[in-house]
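Number of protein chains: 2
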Amino acid sequence: MKFESMKGFRDFLPEEMAARREVFRRIERVVRRFGFREIDLPSLEEMKLFEVKSGEELVDQTYSFEDKGGRKVTLIPEQTPSRARLLASEKSLNQPVKWYSTSKRWRYEQTQRGRLREFYQTDVDIFGADSVESEAEILAVVVEIIDELEVSESVDVLVNDRKLLEEVLENKGIEDKRTVMETIDDREKMSKEEFFGELVDIGLGKDEAKKVEEIVSIKGKFGDKVREVEETVSEKNETLVRMKQLEEILESYGIADRVKLDMSIVRGLDYYTGLVFEVFDKGGELRAICGGGRYDELVELFGGQSIPAVGFAIGDVVIEELMRREGVWPEERLRTDVYVLPVSKDVRNRALDITKKLRDEGLVVETDLKDRNVSAQLNYANYIGAERVIIVGERDLKQGKITVKEMESGDEKLISLDEVVEKVK
Amino acid sequence: MKFESMKGFRDFLPEEMAARREVFRRIERVVRRFGFREIDLPSLEEMKLFEVKSGEELVDQTYSFEDKGGRKVTLIPEQTPSRARLLASEKSLNQPVKWYSTSKRWRYEQTQRGRLREFYQTDVDIFGADSVESEAEILAVVVEIIDELEVSESVDVLVNDRKLLEEVLENKGIEDKRTVMETIDDREKMSKEEFFGELVDIGLGKDEAKKVEEIVSIKGKFGDKVREVEETVSEKNETLVRMKQLEEILESYGIADRVKLDMSIVRGLDYYTGLVFEVFDKGGELRAICGGGRYDELVELFGGQSIPAVGFAIGDVVIEELMRREGVWPEERLRTDVYVLPVSKDVRNRALDITKKLRDEGLVVETDLKDRNVSAQLNYANYIGAERVIIVGERDLKQGKITVKEMESGDEKLISLDEVVEKVK
Chain A
1 MKFESMKGFR
11 DFLPEEMAAR
21 REVFRRIERV
31 VRRFGFREID
41 LPSLEEMKLF
51 EVKSGEELVD
61 QTYSFEDKGG
71 RKVTLIPEQT
81 PSRARLLASE
91 KSLNQPVKWY
101 STSKRWRYEQ
111 TQRGRLREFY
121 QTDVDIFGAD
131 SVESEAEILA
141 VVVEIIDELE
151 VSESVDVLVN
161 DRKLLEEVLE
171 NKGIEDKRTV
181 METIDDREKM
191 SKEEFFGELV
201 DIGLGKDEAK
211 KVEEIVSIKG
221 KFGDKVREVE
231 ETVSEKNETL
241 VRMKQLEEIL
251 ESYGIADRVK
261 LDMSIVRGLD
271 YYTGLVFEVF
281 DKGGELRAIC
291 GGGRYDELVE
301 LFGGQSIPAV
311 GFAIGDVVIE
321 ELMRREGVWP
331 EERLRTDVYV
341 LPVSKDVRNR
351 ALDITKKLRD
361 EGLVVETDLK
371 DRNVSAQLNY
381 ANYIGAERVI
391 IVGERDLKQG
401 KITVKEMESG
411 DEKLISLDEV
421 VEKVK
Chain B
1 MKFESMKGFR
11 DFLPEEMAAR
21 REVFRRIERV
31 VRRFGFREID
41 LPSLEEMKLF
51 EVKSGEELVD
61 QTYSFEDKGG
71 RKVTLIPEQT
81 PSRARLLASE
91 KSLNQPVKWY
101 STSKRWRYEQ
111 TQRGRLREFY
121 QTDVDIFGAD
131 SVESEAEILA
141 VVVEIIDELE
151 VSESVDVLVN
161 DRKLLEEVLE
171 NKGIEDKRTV
181 METIDDREKM
191 SKEEFFGELV
201 DIGLGKDEAK
211 KVEEIVSIKG
221 KFGDKVREVE
231 ETVSEKNETL
241 VRMKQLEEIL
251 ESYGIADRVK
261 LDMSIVRGLD
271 YYTGLVFEVF
281 DKGGELRAIC
291 GGGRYDELVE
301 LFGGQSIPAV
311 GFAIGDVVIE
321 ELMRREGVWP
331 EERLRTDVYV
341 LPVSKDVRNR
351 ALDITKKLRD
361 EGLVVETDLK
371 DRNVSAQLNY
381 ANYIGAERVI
391 IVGERDLKQG
401 KITVKEMESG
411 DEKLISLDEV
421 VEKVK
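If you read the protein sequences in the order shown, they are chains A and B.
Oh and the first sequence: position 111 is 111 in the numbering used here, straight run, nothing missing.
Oh and the second sequence: position 23 is 23 in the numbering used here, straight run, nothing missing.
A couple of the hints might just be wrong.
The list makes no distinction among identical chains, and a pair is therefore deemed to hold if it is satisfied within one copy or across any two copies.
[Unchecked claim] In the DSS-like style, the derived pairs of lysine-lysine whose C-alpha atoms are separated by at most 30 Å in a straight line are: (1) LYS2 / LYS48; (2) LYS7 / LYS53; (3) LYS357 / LYS345; (4) LYS104 / LYS48; (5) LYS2 / LYS91; (6) LYS72 / LYS48; (7) LYS244 / LYS357; (8) LYS244 / LYS356; (9) LYS260 / LYS219.
No lab work stands behind these hints: they were computed from the structure.
Given the sequences, and given the hints that come with them, work out the whole structure.
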């Protein structure tokens, strides 16, 4: 019988997992510096939790089933509903609540480029702050993550505000804003002509459709474009004032020129209530690397008080594609500080003693477990990426010495047994 | 509508997760020093993978269901079958293969003390080595983990060898070894009298039952008890020679007196082929904290070549119970290096600038996101466990200064703005 992992699921061997850990480590290091705290929530929740926010259609794309107790349950496709559930029940949390978590998510979808059935995702949220400062902080985290992953040259951080888009549409005399925004959200799947045709199909006059085209084409340096929009909307507009404040705070973070305004960013229809943003590769080849925004009405849906929220999620699948393409995916190799090589069974216990002492110093140390000869052991030491090999031989031992071999240079040195720990650590 | 997490599933708030992380970190630090490498495998596998090893009865206690493509799938209750699957398909791995992974497992069981439906487990295995050295290494890892978790005084590491038990039974003239071992495995659920009765019920004469009672009562210092068994079995017995070697190697690790021989340890019937061990709290109140052994025939079952294996697993539920009981569970609190406190909106950007600089130094820093007054901010700083608060006020700023408040002592110092990073980091 032959067994395989299922389509859309991945096995990570040590070299692969070490690279992935390094990526998570860099993301989480940034997030922690900003004062976000790790939480952990169940992988399995009652299905009704996901129906609140997403409706039945999205739940259809999850791993949902009836458990042996007759409960309808879902392997979480995202963590936001669980966070909202927890916030609704934990009334004593001091706000702002700043949470992150890197864990697995599952979706029952056709697997394709950038989309798997099991993937890792880091979710980062601020709950309980409706300030523009909290939005700037979230954007600063995103920009720093991009820097840490060494892809800053290859991506655009595209920001919009749903309210601003609505107001601009209104100002331009577009009445059915909701349907128009739905169409804008579908825009990237269409050609320019199809998009125009679709706008006309949903009832816009050609002039109106042209105006919408103009609006969604606004894209460029954040500050410049905010001022461009200013000419369209009245200056007293609250959202615009907020966006100008956002620019000012981004300046303080030194990242105002790292963010673009893109009036075509909508991110679906329900859920988001203000700021929305996405990170795309400049080539436009890949799916969004990261996305988020403000969703002030969500927690209330889950039975809690009204709690404003802003956050984002970054998955491991698309960022890996991008980092590999850009040649910055961490090197996939094994690393070992020391391999201790007993040349024969007779010196095994002495070798073990050295092994133990070096491990006690915190070094990663392996030794022979298969009673192999010297050359087989050297091969293995090489395979596990040992930096140094300590050769424990009978003759050397009689003089109280062992040989330390530097694997990269091949240099060998005979040193006194008493000095091993001191010299090697 | 009110939502809750399901019975047997846990929500971990930041304080709780920080403590759990610390426990995982200590376990993994030990494991990594011994040269074990992290792997990661799917959480969902085809159900047939679990039927190979465990039979239908155990699969009944899993979360198994039919996915939307009609595949019977199982949320993994353990990682060993997946490891065997991977080993069977990856033919080019250099042996010994030393893997660990800390991840979630699921069981559909009645929840009770020490048993939840979702739990974390660290699995540690050496594949490809049948040596007694590999068994000693696994035991050394277990003992060091116990030390790192500060529970060494409260637990017993109980070791046995299934082959030795079989040989001793044979030597004592017991014929139906399999049924007797099944009964021994159930022994802890019975009183002394019930156990004796059960042995008679399965067909042993009273003398034979007494002999079995004697054998399973052998429990004590590893070396002493091995010599006690020696008197029962012929000295040339291979397993006994191996156990004496094991003792010798454990001496080299300095842990021979940390391990007890306990002839009643069986660990179920199929699966294990030699060494078996369990870690129990000395009070005998809790379930096994950790268990493992040698299982040389498993990988072959999954279609691979024959690969010897020895390993163990440690879950998070029982170890937490024990560490809490012993008062050594890590403190559950939030920690923050610095809170930067702008006394008014006017100095917000200056505060942000300081915040950014300190974060760039790798410190965990928070600042105001809710436009709060000084006292509300100090409360929050206290809540997040800030070590220091930097108070940014207009008057101080005019002199190019800020105030640093040490939260524990309450001491305040006025320092120059230029020195902030230097003084605080």
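Practice item. Can you give me the call for LYS260 and LYS219, within, between, both or neither, at a CA distance of at most 30 Å? Key: Within. Shortest intra-copy distance 7 Å satisfies the 30 Å Cα cut-off; inter-copy 71 Å does not.
Exercise for review: Please work out whether the CA atoms of LYS2 and LYS91 approach to 30 Å or closer within one copy, between two copies, in both situations, or in neither?
Suggested key: between (51 Å within a copy, 14 Å between copies)
**Study point:** Alpha-carbon proximity context of LYS2 and LYS48, limit 30 Å
**Key:** between (37 Å within a copy, 10 Å between copies)
Review point. Which holds for LYS72 with LYS48 at a C-alpha limit of 30 Å: within a copy, between copies, both or neither?
Key: both (8 Å within a copy, 23 Å between copies)
Exercise for review: With 30 Å as the alpha-carbon cut-off, assign the pair LYS104 and LYS48 to within, between, both or neither.
Suggested key: both (20 Å within a copy, 23 Å between copies)
**Study point:** Up to 30 Å CA-CA - LYS53 versus LYS7, copy category
**Key:** both (28 Å within a copy, 23 Å between copies)
Exercise for review: Could you place LYS357 and LYS345 in one of the four classes (within, between, both, neither) given a Cα distance threshold of 30 Å?
Suggested key: Within. Shortest intra-copy distance 19 Å satisfies the 30 Å Cα cut-off; inter-copy 56 Å does not.
Practice item. Classify it for me, LYS244 with LYS357: is the Cα-Cα distance of at most 30 Å met within a copy, between copies, both or neither? Key: The answer is between: 23 Å across copies meets 30 Å, while 60 Å in one copy does not.
Point to revise | Copy assignment of LYS244 with LYS356, given that the CA separation must stay at most 30 Å | key: Result: close only across copies, 20 Å inter versus 61 Å intra.
The earlier numbered hints are all upheld by this structure, with none contradicted.
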